[in-house]
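Asks: Given chain A's structure and the hints, the job is docking chain B onto it.
Protein chains: 2
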Amino acid sequence: MAFQKKDLQPKIAITMGDPRGIGPEVVLKAFARLSHQRVCVPLVLGDFNILTRTAQALNLKLKVVEVAEGFRNFQPESVPVLSLSRFSGKKSPADIPFQESSRAAFAYVEKAAHLAVTGKVQAIVTAPVSKEAISRVGISFRGHTEYLAEASGTEEFVMMLAGQRLKVALVTTHLPLREVSGLVQAERICSVIEITNQGLQDYFEVNHPRIAVAGLNPHAGENGLFGEEELIISQAVRRVSQKGLFVSGPWPADTLFYRAKQGEFDAVVCMYHDQGLIPLKLLHFEDAVNITLGLPFIRTSVDHGVAYDIAGKNRANARSMQAAIQLAAQMATKKRKSQNLKTNNQNEEK
Amino acid sequence: MAFQKKDLQPKIAITMGDPRGIGPEVVLKAFARLSHQRVCVPLVLGDFNILTRTAQALNLKLKVVEVAEGFRNFQPESVPVLSLSRFSGKKSPADIPFQESSRAAFAYVEKAAHLAVTGKVQAIVTAPVSKEAISRVGISFRGHTEYLAEASGTEEFVMMLAGQRLKVALVTTHLPLREVSGLVQAERICSVIEITNQGLQDYFEVNHPRIAVAGLNPHAGENGLFGEEELIISQAVRRVSQKGLFVSGPWPADTLFYRAKQGEFDAVVCMYHDQGLIPLKLLHFEDAVNITLGLPFIRTSVDHGVAYDIAGKNRANARSMQAAIQLAAQMATKKRKSQNLKTNNQNEEK
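Sequence lines, in order, name chains A and B.
According to the working numbering, the first sequence is numbered sequentially starting from 1.
According to the working numbering, the second sequence is numbered sequentially starting from 1.
Derived from the structure by calculation, the hints contain no laboratory data.
Just so it is clear, the structure is predicted and the values come from calculations on it, not from any experiment.
Ideal placement from N, C-alpha and C gives every residue a C-beta, glycine not left out.
Wrong hints could be hidden among the right ones.
Stated by the list, open to error - Calculated pairs, DSBU-like style, for lysine-lysine (alpha carbon to alpha carbon, straight line, at most 30 Å): (1) K91/B / K261/A; (2) K111/B / K91/B; (3) K11/A / K63/A; (4) K261/A / K261/B; (5) K261/B / K313/A; (6) K334/A / K111/A; (7) K111/B / K63/B; (8) K337/B / K120/B; (9) K261/B / K120/B.
Claimed, not checked - If you want the ones that stay clear, here's a sample from chain A, every Cβ over 12 Å from chain B, calculated: (10) Q37; (11) Q99; (12) A107; (13) V184; (14) L341.
If we strip away everything but chain A, and leave its shape as in the complex, we get (with noise of 0.2 Å):
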């Protein structure tokens, strides 16, 4: 069965992140830049209010239009909201009730999940809340992603950063630096690799993804000299190698990155937070993605903050969420693409 024209959009749910911050804004200013190449079906989880009146300051040519659950194809400047919250329209952010704000943050978020959790749409893309904000009203609440993995069930997960020329895959992420040695396991550095090796197959069409393993200390620890978890990381390397990846390391960190850049790697697995992200930012400040790879639906964020100081003044940038929703589409339609073909190839088969 061939898919009808029509069916090929993906259907994404957009959240609108905490209306404390610039979430709206951004959004809003995704929708404007996208309006003239509609790559999806947009559904926006968030409020009406604050996104009419945030698109009127902003002076956005798009309409704001309230739906009711489901989707509808609507003209290209329409941005259509189901909307879980009813704040004044007339506030600014600051004045919105920090209490509120938070429970509504938390319920786009909530909705999002189930809508992905109910195969009623196939990617999520997140806009940015606050987590502390989140727990200080009572809800359990360690961050997006984790909130995702457990609404579906999800064990092993991946925090992938994406830019055109760099992508990088964590093996630890918020963690103090000190708690990274311990944390270097032979176990989770093989399951990073082989969910980044099929996320990249699933939504890059790399058919053999070339991944390289970073080193934890100094020059890869330079045999030993300074630090033995590169031990671990070999072991990790040669039992997944042994499945037929193409993977290689651990590598000396202060070269890997510019050897990735120039082509060599697809992606970069990393030991830790700022191993991967020092290098992502400083190629890809404004347009970096955060994925989550390893969950049942395709997850893409933004990789900013609320940013409540500048949040309702018109400055926010609003690259990544733009490319944020762009990349969630694109690989929504080339998951399908490759399932489509697994199901064909199936039916050959028969």
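Replies: What follows is chain B alone, placed relative to chain A:
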């Protein structure tokens, strides 16, 4: 007293590095590139036969000239060598006996240190040696930097890596990552900031250096959520600020190097090797120079190792050596200018 023209050219000792490595090749290639714009009065400390053979093999229009100690002005295409060893000029790098070459590599550095400590040269530029090879012949040698510090009675020194767009100074260097956290100490951080500040003033003519200090943990610890070393860093930054230095931090490392690259800071003080080296090598893969600050003389170095595997194959890239010589010459000229200025000011004040 104004300097005579001939005095303005700084005298620089250039060590040839390990005879079995790529040192002789990069030194000669750098001379060939710099011959039309002689920036200093150079003296190579090395092996006359090896340099003569290498210049022939590389087909370089250079004349290797054996000299006694002391500096003279030669024709631009001359390479004046104080020959401290006598290897056969017929052997390829791999055939040079290991023990003799390791001892010779050390002798070049020892002589360079002596010339610098006694004021006969203003700067030392070093080609790569192998710490391991030198140690194996029974000479206690933890690296050029440590050796030169000891030889000059220097206790506090700083490894800086410099390119046109980014300069990083390291609080810790070649250590297992797991040991870094324990060495994030206020005293040392203050000292690195102050030496960096002085170095930028003396050698780069930055009157009021703007120095950024990186945090250790992801998001600079996010207010203690992911680690507390940032409290120590803050304390050091405050202490040095009170002395009137333009220093700020601790900043989240992932976005800091982009900001530095954009011109917001003159240098970044980094807590560990890869925090500084990853962004430095991403921006300056070929032309970064390693500088030791805090010594009573100028010392620069290439930013790469002996590369035994490609020695004698005309495959080595000499851009780092060329940059190291040029930078040492610039630094010496600037230091002399600023000292001259100080002397003039003092004379006027009398």
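Asks: Mind verifying the non-interface call on Q37/A? Its CB should be farther than 12 Å from each CB in chain B.
Replies: 28 Å, holds
Asks: Quick one, are K111/B and K63/B close enough, alpha carbons at most 30 Å?
Replies: 23 Å, holds
Asks: So if I understand the rule, the pair passes when the alpha-carbon distance is 30 Å or less; does K261/B with K120/B pass?
Replies: Measuring from Cα to Cα gives roughly 37 Å; hence the hint is violated.
Asks: Is K111/B within 30 Å of K91/B, Cα to Cα?
Replies: OK: K111/B and K91/B at ~25 Å, within 30 Å.
Asks: Measure nothing beyond the straight line between the CA atoms of K261/A and K261/B; if it is 30 Å or shorter, mark the hint as holding.
Replies: Between K261/A and K261/B the Cα gap is close to 17 Å, so the pair holds against 30 Å.
Asks: Does K120/B lie within 30 Å of K337/B when you go C-alpha to C-alpha?
Replies: With a Cα-Cα distance of about 18 Å, the restraint between K337/B and K120/B holds, given a limit of 30 Å.
Asks: Would you check the hint for K91/B and K261/A, treating anything up to 30 Å between C-alpha atoms as holding?
Replies: 38 Å, violated
Asks: Please verify that the nearest CB of chain B lies beyond 12 Å from Q99/A's CB.
Replies: 21 Å, holds
Asks: Within a Cα-Cα threshold of 30 Å, do K261/B and K313/A meet the stated pairing?
Replies: Distance of about 26 Å is within 30 Å: holds.
Asks: L341/A clear of chain B by more than 12 Å, beta carbon to beta carbon?
Replies: Label holds. Min Cβ-Cβ 36 Å, cutoff 12 Å.
Asks: Just want to verify: V184/A was marked as not at the interface with chain B; is every Cβ pair farther apart than 12 Å?
Replies: 9 Å, violated
Asks: Is K334/A close enough to K111/A, meaning Cα to Cα at most 30 Å?
Replies: Holds - the C-alpha atoms of K111/A and K334/A are around 25 Å apart, at most 30 Å.
Of the numbered hints stated above, those contradicted by the structure are hints 1, 9, 13, listed in ascending order.
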